[in-house]
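Visitor: Once you've looked at the hints, go ahead and assemble the two chains, each given alone in its own frame, into the complex.
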Amino acid sequence: MELITIFISAVLINNFVLHYFLGICPFLGVSRRIDSAFSMGLAVTFVMTITAIVSWIINHWILIPYHLDYLQIVSFILVIASLVQLVEMFIRKTSPPLYQALGIYLPLITTNCAILGLALLAALKNYGFIETIIFGLGSGIGFTLAIVLMAGIREQLDMADVPEILKGPGIALITAGIMALGFLGFTGMLK
Amino acid sequence: MAEKTINQEFTKGLWSENPIFRQLLGLCPTLAVTNAGVNGLAMGAATTFVLLFSSIVISSIKKLIPSQVRIASFIVVIATFVTVADRFLAAFFPDISKALGPYVPLIVVNCIILGRQEAFSSKNPVFRSIIDALGMGIGFTISLLILSSIREILGSGTFFGMPLTGAWFKPWLIMILPPGAFFTLGLLMGIFNYLDKKRR
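Residue numbers (my numbering), protein chains in the order written: chain A, 1 to 191; chain B, 1001 to 1200.
Accuracy of the hints is not assured; some may be wrong.
[To be verified] Each computed DSS-like pair below joins lysine-lysine, with the alpha-carbon atoms no more than 25 Å apart:
#1 K167/A x K1098/B
#2 K1012/B x K167/A
#3 K167/A x K1197/B
#4 K1098/B x K125/A
Don't read these hints as lab results, they were simulated from the structure.
Here chain B stands alone, though its shape is the one from the complex (with noise of 0.2 Å):
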């Protein structure tokens, strides 16, 4: 593999690699909390900090893990920064982190997240992957608020909680039930791939 800019390395997440579309990585929480805007940015933003740090950890201790224990000490940081993550929404963010309920702690077994850690922070030196991470994880952030918007645009009438359309429409409640959100992402992998097919 030829040694990417580290302009490429941070794009990669958005589009080529994209997470969710790409790689099918993290499935559960995308279908999970996507009812609603906030509740995708939320899940989005508590992941990316836990990649974050995750990979900022791990590339700078890789040489010190032997590599038989590697996924167990991998699991150990992850959970570290998801117990902090989990913490903080249920001090500053009592709603959301209700909301979200069982799917924060669920962040440790985000394939994403032990996906990167494996495959990039214990090979990489650790600019490249804090920039790795970054754009996972806001790549991960795009897809989950592009879902949770149309998700609650279409099944409440609402967009980050504002009402959004008149009277006139009457929301479709199966897409916040968990059909919609099978449904919704089918659809919109298919057009990713559609786009994707465009432009090569």
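Chain A extracted, bound-state conformation (with noise of 0.2 Å):
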């Protein structure tokens, strides 16, 4: 149950982008096409969901048992950058079809900020080993969905009258906040 609950909120309530503000430069920017913001939504589930295994174990089995809290942020983000280049490495060896689909996001996902900050946010709340998972693969999941509705909504915006000095980035944060402002009514679905 507890699983579940964690799921959800990661997903829809605490979402990463619209409520985290996370991974917003990658929000903004490859949101324009649908088809690779889902391809972006994927990389970032992956990553993520494999992040989240690799800094629980060195949090837990290596920072911790020798007092070396104030290393995280060095340690994370190492991890990081070298865990992308390894998927990098071996997606592109055992599967070139998946490494098609994910082309340049996957570099591009080391200095997004969803993923530190998703190592941070797990070893803030103290999660077990089980729910760092569940929570990995639902921030993952949510940032999809948020980046795969903005998306729907910009290719529909291109066409639209904007007036000319909100043009760009101006008018996709104001969608960007309605779409927060839709996601707030989740809050209530949990307790």
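Guide: Put into structure tokens, the structure is as follows:
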């Protein structure tokens, strides 16, 4: 039951983009078309889940036992950077179609604050191992949901008559605001 | 690109290459911590600190870093200073540190800092990098201050914790919730574009 709660709250209520404001850069940058938005979401979900696992292991088996928690930031970011590199090489070797689909989005993920944010939030919330995995997976799906919805709206928006000065990022941010407003409605779902 | 004067190097961060409104960098902390003026100021100051010292270190050792591993090296330098800032805030300003939560460690992945190292410090002498970092940092801080002041005044009726509006004003709760951040930044961006167009 607890796991379902964590999952739903990560996907809908504490959505990474619309509640924690993490991963805004790809959210605005890659959300012009639905298919590229979906690939980005897929890549992020994949890396998030793996990051959640690896950072939990590092945090609980190395950093906490040896009282090195002040090294959290440095070690997490290094782990993420090398992890993304490894995942990229692994996918390129084992599954060329998936590599094609994820394309340039994989390396971009290193600087995506959502990934580091996930590692830090999971450490902050003191989740257990399974909970961390669910949290990572749910957050990734939440990110995908937000970015795909956004891309759908923006494809329509291209044809809309937007005031000159708001074109581009301005109107995208206001759209995101309205979406965040909608997602606030999910807050009452739990408890 | 023509050589810029020191003065231009400094002011470009304030307006023509303003990190938030022009380059759309560092939006995550911008949106997340600007629900009160104090938080915006603290985030701006912490980011400026990290940016300044990373720029000094990286522009000093740029010849020693092999270009293949430069991104990783930059990140280690940045992460070191972020840890310093994080510990400093936690020790001396525990309230602010608590309010900013995971967003202080997240300065590591603030694209402004890595972007400036890659685009500027790794190619320019130390003094110029300092000026560039100060300009960008101050431009970022001012933008955060504007955004957070608007949100705090409309959302809580206070300015840096001081009550500003009388009892007649009912605060718009929405402004300090996530949607308010998106709306305010989107509209500010429109105003910025408008002013920029008029100036040309």
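Visitor: Does each hint hold? Answer for all of them.
Guide: Here is how each hint holds up against the structure:
1. In summary, the hint linking K167/A to K1098/B is not supported, as the alpha carbons are separated by about 36 Å, beyond the 25 Å threshold.
2. Straight-line distance between C-alpha atoms of K1012/B and K167/A comes to about 23 Å, which keeps the hinted pair within the 25 Å bound.
3. Distance check on the hinted pair: K167/A and K1197/B sit about 13 Å apart at the alpha-carbon level, within 25 Å; holds.
4. Between K1098/B and K125/A the alpha-carbon distance is near 14 Å, which keeps this suggested pair within the 25 Å criterion.
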